[in-house]
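Student: Generate coordinates for the entire structure from the input sequences, incorporating the hints supplied.
From first to last, the protein sequence lines are chains A and B. Residues 1 to 177 (my numbering) are what the first sequence spells out, left to right. Residues 1 to 355 (my numbering) are what the second sequence spells out, left to right.
Keep in mind the hints are simulated off the structure, nothing from the lab. What you are looking at is a predicted structure, and each value in this text was computed from that prediction instead of being measured.
In silico SDA-like links for lysine to any residue, alpha-carbon gap of 25 Å or less:
| # | chain 1 | residue 1 | chain 2 | residue 2 |
| --- | --- | --- | --- | --- |
| 1 | B | Lys-104 | B | Val-65 |
| 2 | A | Lys-139 | B | Glu-239 |
| 3 | A | Lys-139 | B | Lys-164 |
| 4 | B | Lys-152 | A | Asn-133 |
| 5 | B | Lys-164 | A | Leu-171 |
| 6 | B | Lys-246 | A | Arg-113 |
| 7 | B | Lys-104 | A | Tyr-85 |
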Amino acid sequence: MLCQICKKKEVAITLTKIVEEQKTEIHLCKDCAAAFSDKFSIFPLPQFDINDLLADLLNAIDLYHKEEGIVLDKEIECSNCHLTYNDFRKSGKLGCSVCYQDFRDQLTPLLRRLHGNSEHLGKIPQQSKGKFNKIRKIKQLKKELQELILKEEYEQAANTRDEILKLEGVLKKKNEK
Amino acid sequence: MKNKSIILKNLKESSAEWTSGQGPLSDIVISSRIRLARNVEGIPFSPRAEQAELKNVFELSRQIVEEDSLFRDSNLLLLDELSPLESQFLVDKHLISIYHAREKHPYRGCVFNQRETLSIMVNEEDHFRIQYLLPGLQLNNIWKLINKIDDKIEKKTTYAFSEKEGYLTSCPTNVGTGMRASVMLHLPALAMINGINDILKAISKIGYVVRGFYGEGTEVMGNLFQVSNQITLGLSEEEIIDNLEKVNQQIISKEQKVRKDLLANSKSQLEDQVWRAYGILSSARIISSTEAMELLSKLKFGVELEIITYPDLGTLNKLMLLIQPAYLQMLAGKDLDPFNRDLQRAALIRNKISG
Ligand SMILES: [Zn+2]
Ligand SMILES: [Zn+2]
Chain A
1 MLCQICKKKE
11 VAITLTKIVE
21 EQKTEIHLCK
31 DCAAAFSDKF
41 SIFPLPQFDI
51 NDLLADLLNA
61 IDLYHKEEGI
71 VLDKEIECSN
81 CHLTYNDFRK
91 SGKLGCSVCY
101 QDFRDQLTPL
111 LRRLHGNSEH
121 LGKIPQQSKG
131 KFNKIRKIKQ
141 LKKELQELIL
151 KEEYEQAANT
161 RDEILKLEGV
171 LKKKNEK
Chain B
1 MKNKSIILKN
11 LKESSAEWTS
21 GQGPLSDIVI
31 SSRIRLARNV
41 EGIPFSPRAE
51 QAELKNVFEL
61 SRQIVEEDSL
71 FRDSNLLLLD
81 ELSPLESQFL
91 VDKHLISIYH
101 AREKHPYRGC
111 VFNQRETLSI
121 MVNEEDHFRI
131 QYLLPGLQLN
141 NIWKLINKID
151 DKIEKKTTYA
161 FSEKEGYLTS
171 CPTNVGTGMR
181 ASVMLHLPAL
191 AMINGINDIL
201 KAISKIGYVV
211 RGFYGEGTEV
221 MGNLFQVSNQ
231 ITLGLSEEEI
241 IDNLEKVNQQ
251 IISKEQKVRK
261 DLLANSKSQL
271 EDQVWRAYGI
281 LSSARIISST
291 EAMELLSKLK
301 FGVELEIITY
311 PDLGTLNKLM
321 LLIQPAYLQM
331 LAGKDLDPFN
341 RDLQRAALIR
351 NKISG
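Tutor: So this is what it looks like as structure tokens:
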């Protein structure tokens, strides 16, 4: 198999990425793999600038789209501030909070690259604390539920399921208000 | 609210608490800092906002400063009203970023308190960049303080926040907690044995960034390094701080070890270097900022190792700010060409360290 970047040399390494629970593989030759890991892990001083890193990442994402044959058939645009995804690719800056929703499919793998993670686990604003804490709790309970089912602890699982339903009910009522 | 010239006059004469040379591990750690990026829901991020929207954000910051007792002794400056020199002076003071000083959109602001521990950049790339600085290694204390300030500001507005990505920011490198924590280290011993690059390589691999004295994209001078977290999403604030503190502890213990070795094996050479630095600084008539930073670092090293007992660390930390080009010109009360800056700088240093 030939390297996905240079398309000339034999594949020496396969990188596996997990994006939204979907495994994807990138096959690289030795040289391209070295260039790739250099770019993402070693920053020379004193010129290092996080925006360069971002630009590198944006390029890598582009390349990834190309190699995987993912074509952005039409220009995606933020429904609120009208920033296009291409504008973002050039500047590395988003335009408004709605951009995060409208570009989510593209941003999620990027965030994972940048932070090793794409889900917030930190502070929650006071105003929405109740709601978001419940959402977080539900997520955690759902994980526990799966584990319990795997372990065949059905009685425990039923309790957990009831708890989830109860919390979801509370949230729903709040949303209707 | 006080007018601009009074605010700047006071600022010229006052010095920031983080330069005091006190706090935990102050022989290596100059200061700790936490910055939170926050945006107002419903308004595009500052570079993409309309003039009226930028004005709304600025007025909101004015309202917060005027109405909340937490900001009783704080000032608010509108950068549009400042000259390029005055804006650069705020950069030299570490109150705003270089980007904030040079950006073109209107209604950029800077809030800061008397101790210069708290500052808020208004309409930088995010609507609010709240930062808190203290001397020495004390990230946990800073987090407690800045967390409260963040809550106070939130009482007056609604933050742009999503359940998945957390606090939403103009650049995806800040999203999530919106938190950048950093520690400013003085590492002369590691620099002396060329040990810095290895450490930098190692820590950058695990998600930390090192920058120069004035932050992003700036040069390293005076052996001062700022180590900060790169990851802002997927970890809690406490975890980010805890990890960063551990990384810094490791660098600090390496520096301590090399210092010990140097003292044991080359004490005379060290003493020679320190006293030579003192000699030049206390008698030079013309000095560039690069040379001054280098020699001040040597002298500071001497004080940290107790080779020399004066001037104190606070004086030296403060000097490192005072000798910056814009600060010097503010003190002189006029624009100075490079040659006259070098004259002025030498005089200022002589006055401060031999006094
Ligand atoms: Zn290749
Ligand atoms: Zn948008």
